[in-house]
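Q: So the chains spell out like this:
Number of protein chains: 2
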Amino acid sequence: MLAEIITIGDEILIGQVIDSNSAWLAGRLNEVGITVGQITSIGDDPAVLENALEEASRRADIIIMTGGLGPTKDDRTKQTLCGYFGGKLVLHEKVLENVKTIFSRSNRPLLDSNMRQAEVPDNCRVLLNSQGTAPGMWFEKEGRVYISLPGVPFEMMGLAGEQVIPMLKEYFRDRLEPVLHKTLVTTGIGESFLAELVAPAENFLPPYIHLAYLPRPGMVRLRLSAYGKELTASGNKPAEGIVSALQLEKELDIHASRIMELAEKYVIATEDTPVPEIILNRLRERGRTLATAESCTGGYIAHLITAIPGASDVFSGSVVAYSNKIKSSLLGVNDITLTHFGAVSRETVSEMAAGAIERLGVDYAIACSGIMGPGGGSADKPVGTVWIAVADKEHVQAEKFSFSGRRPQLIERTAIAALGMLFHFVE
Amino acid sequence: MLAEIITIGDEILIGQVIDSNSAWLAGRLNEVGITVGQITSIGDDPAVLENALEEASRRADIIIMTGGLGPTKDDRTKQTLCGYFGGKLVLHEKVLENVKTIFSRSNRPLLDSNMRQAEVPDNCRVLLNSQGTAPGMWFEKEGRVYISLPGVPFEMMGLAGEQVIPMLKEYFRDRLEPVLHKTLVTTGIGESFLAELVAPAENFLPPYIHLAYLPRPGMVRLRLSAYGKELTASGNKPAEGIVSALQLEKELDIHASRIMELAEKYVIATEDTPVPEIILNRLRERGRTLATAESCTGGYIAHLITAIPGASDVFSGSVVAYSNKIKSSLLGVNDITLTHFGAVSRETVSEMAAGAIERLGVDYAIACSGIMGPGGGSADKPVGTVWIAVADKEHVQAEKFSFSGRRPQLIERTAIAALGMLFHFVE
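Just so you know, the sequences run in chain order A and B. Residue 1 is where the first sequence starts when you use the UniProt record's numbering, and the numbers rise one by one after that. Residue 1 is where the second sequence starts when you use the UniProt record's numbering, and the numbers rise one by one after that.
Don't take each hint at face value.
Any copy, or any two copies together, can satisfy a pair, since identical chains are not distinguished.
Calculated cross-link-like contacts (lysine-lysine; reagent style DSS-like; alpha-carbon spacing at most 27 Å) [what the hints assert, rightly or not]: (1) K393 <-> K94; (2) K400 <-> K100; (3) K381 <-> K100; (4) K393 <-> K325; (5) K169 <-> K73; (6) K88 <-> K265; (7) K400 <-> K250; (8) K94 <-> K141; (9) K141 <-> K100; (10) K381 <-> K400; (11) K325 <-> K400; (12) K381 <-> K265; (13) K94 <-> K169; (14) K73 <-> K250; (15) K250 <-> K141; (16) K100 <-> K265; (17) K265 <-> K73; (18) K250 <-> K325; (19) K73 <-> K88; (20) K100 <-> K88.
Treat the hints as calculated values from the structure; they're not laboratory data.
This is chain A alone, in the form it adopts within the complex:
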């Protein structure tokens, strides 16, 4: 079962918006055994959309569109689809009711353009959108399904998760083939060295199990994908006999544990769980608490941790000590340490970590200080120089890093490295 995603909107093509919808949708489709063969981003233009629909229809069984459903003049997807599938727009009472409810809830006046959101093509199944005014639409033509969803991410996620995915599972229930993934998260080893290390296992993979290396700042994820009868996105031919999810899963497990044996030293998780979540789970099991004392990462480590639901069991808080004054006043870093060794030094981060343990009253702490650029570098401490410390009530461990990249990457790398250090420290 092959799907394609078409995202509609000039904002992606001029680079003002990053398309996060497609990755989310692709992940959900994969989970139910629908392979995404292509993702296409096009502008808000009827002729271009019609052409994209023609091309996608030649390749895929399911075409999901996002975007172009807003109430303003630059959104023309609904009209285009209505015409393409030969229908006409009619007022939909339930959608109108929903639009009115949303507006009354936020005490905003209802405008003509909002009323038009309640007009839908008479040849589609309407997917009611409780989070916004634009409904989703489900069209069928020549055995293919075409779905149009709003581009606002949480509206799209609500509609797709609650309605579209279950409807697709039902509609194609006899044709869905298993696709299974297994991910190993590694830190402390480069992509090519890791590949040499696991080569003995990789060379034994059957043609329907595929290994991918997914590098991210500070880590490489190894993803094994096992495919059922259908052709895969990357053209790997699956074995004829392998069709049941159970069989496939058993095989996948065997190959994953071979790779695991070879790379064990570097593996920090056997599922695609964010590193902060792995750490939170581990500390929660042991009833321990955590805080951060951040200079160069400016609160980003705390953000990564608190983005995980339920972080408050473990995470007490953070002092973002961007200025030296706060390093001493709130974390108790000695002024002499700061003058003598500088803010980016083993001594400073060690005192920051110890200070966080004491002043925030926690069991573990992460501290970091570095030069994120573009300014502030020197011959001695160039941009990318970072000191990280992790500590418990008795020990402090500090390490120096020399990262490359620009400011956003440096912040990201520092955060991941710090979390990696804590992970190994807690072990």
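Take the given structure of chain A and dock chain B to it, following the hints.
A: This is chain B only, laid out in the frame that chain A set:
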């Protein structure tokens, strides 16, 4: 001048990675007058790539590919392109030297797979990549340019920014047409209400100037785009006579100021500058300092601020008071306030903001506390309930918000609303 971007890699199609490269590239291309007509994501499969190249060649003059250049077996772009353009792989001395330098810098052993990174097609111009081992490649065929770049974002950005964009400007110097954008950032007004408000100006736009509404959590950006002679991504026909950038800019300015007049009350910036940067610039001009006291946003506001280069002039730091204990110990919130009114209340956030001003020694502070879900909501204070306070040394202003969405959106919305409140407070 029309370009297309092709991103290569199964990781996007299975939803494990969000394609941030395309938006960045599209933005840079637009700046130099190259319109991006389509972005396509495909798997690591030679036949699929060749087909995508054929389709893109029928529409565009420039085809930029990212990804599929890693040293491991799942990356096959280089071989595919070499064959597609009829060349053969040869060892490139300078690339080899670069690979060796990178490995010696990080004290890692050089492997066979890394050595193969130094093999390049003999029919391309090699773009040396100082940030990584995979070089970029520039092919030409029948007047079209095909560029292959690594998928690692900062390597891609380095190569594109320093080499590809200048080379494209030079190569197509006689054919580049002006494309100009102007953005107004608004807060405090919904998309459709904003559209009604600016309708009198929008109705007077010539066909070659296009207005788009770009909603983001807590704000709507209005983007005016003016196109030169070329066809636009969205098929808006530009006026024949309008070709000079100067003429176009003048027209754009007139229409932008008409819209500005109508929406003035809601506009917080007249360029597409991140809100934290607008605030930092304003406070810097006045020699003021800022701190945050964050509960529910967990350091995200501090992160948004410190992501801006040079934030340290203005931003002193933050206390992420995730636990109540830290709200009182580090920010001086009265225990009675916490027990009597709760952590999510006007009283608590007001004391947090005042505490931040005093304890972090700053002129302005933002404080927030709320229920981000999925757990923790009650009938009285459901998930999405947020209190935000902004303060200077004399005044505190607090406001209650009821946001909708899931946890990541709630964190984002709270942060943007808090920054918006501070913006108006400082005015």
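Q: If a hint holds in the structure, say so; if it does not, say that too.
A: Status of each hint after checking the structure:
1. Taking the shortest alpha-carbon separations for K393 and K94, neither the intra-copy value of 60 Å nor the inter-copy value of 51 Å comes in at or below 27 Å.
2. In this assembly of identical chains, K400 and K100 lie within 27 Å of each other by CA distance solely across copies; the values are 23 Å between and 58 Å within a copy.
3. For the identical chains of this complex, K381 and K100 are inter-copy neighbours only, at 24 Å across copies versus 59 Å inside a copy, given an alpha-carbon limit of 27 Å.
4. With identical chains, the CA atoms of K393 and K325 are at most 27 Å apart both within one copy (24 Å) and between copies (19 Å).
5. In the homo-oligomer, the alpha carbons of K169 and K73 never lie at most 27 Å apart, since the shortest distance is 35 Å inside one protomer and 33 Å across protomers.
6. In this assembly of identical chains, the alpha carbons of K88 and K265 never lie at most 27 Å apart, being 62 Å within a copy and 39 Å across copies at closest.
7. Taking CA atoms no more than 27 Å apart as the test, K400 paired with K250 passes in neither setting, with 42 Å inside one copy and 52 Å between copies.
8. Taking the shortest alpha-carbon separations for K94 and K141, only the intra-copy value of 25 Å comes in at or below 27 Å, while the best inter-copy value is 55 Å.
9. Proximity of K141 and K100 under a CA criterion of 27 Å is satisfied in neither setting, with 32 Å inside one chain copy and 56 Å between copies.
10. Taking identical chains as interchangeable, the C-alpha atoms of K381 and K400 lie at most 27 Å apart only when both belong to the same chain, with a minimum of 11 Å there against 45 Å between chains.
11. Taking CA atoms no more than 27 Å apart as the test, K325 paired with K400 passes inside one copy only; the shortest distance there is 23 Å, against 32 Å between copies.
12. Taking the shortest Cα distances, K381 and K265 never come within 27 Å of each other, neither inside one copy (31 Å) nor across copies (46 Å).
13. Taking the shortest alpha-carbon separations for K94 and K169, only the intra-copy value of 25 Å comes in at or below 27 Å, while the best inter-copy value is 53 Å.
14. Proximity of K73 and K250 under a CA criterion of 27 Å is satisfied inter-copy only: 24 Å between copies versus 53 Å inside one chain copy.
15. In this assembly of identical chains, the alpha carbons of K250 and K141 never lie at most 27 Å apart, being 38 Å within a copy and 48 Å across copies at closest.
16. In this assembly of identical chains, K100 and K265 lie within 27 Å of each other by CA distance solely across copies; the values are 26 Å between and 58 Å within a copy.
17. In this homomeric assembly, K265 and K73 come within 27 Å of each other (Cα to Cα) only across copies, at 22 Å, whereas the closest approach inside a single copy is 56 Å.
18. Taking CA atoms no more than 27 Å apart as the test, K250 paired with K325 passes in neither setting, with 57 Å inside one copy and 48 Å between copies.
19. Within a single copy, K73 and K88 get their C-alpha atoms as close as 19 Å, which meets the 27 Å cut-off; across copies the closest is 51 Å, which misses it.
20. Taking the closest pair of Cα atoms, K100 and K88 come within 27 Å of each other only inside a single copy of the chain (23 Å); across copies the shortest separation is 64 Å, beyond that limit.
The structure fails hints 1, 5, 6, 7, 9, 12, 15 and 18 (numbered hints given earlier, in ascending order).
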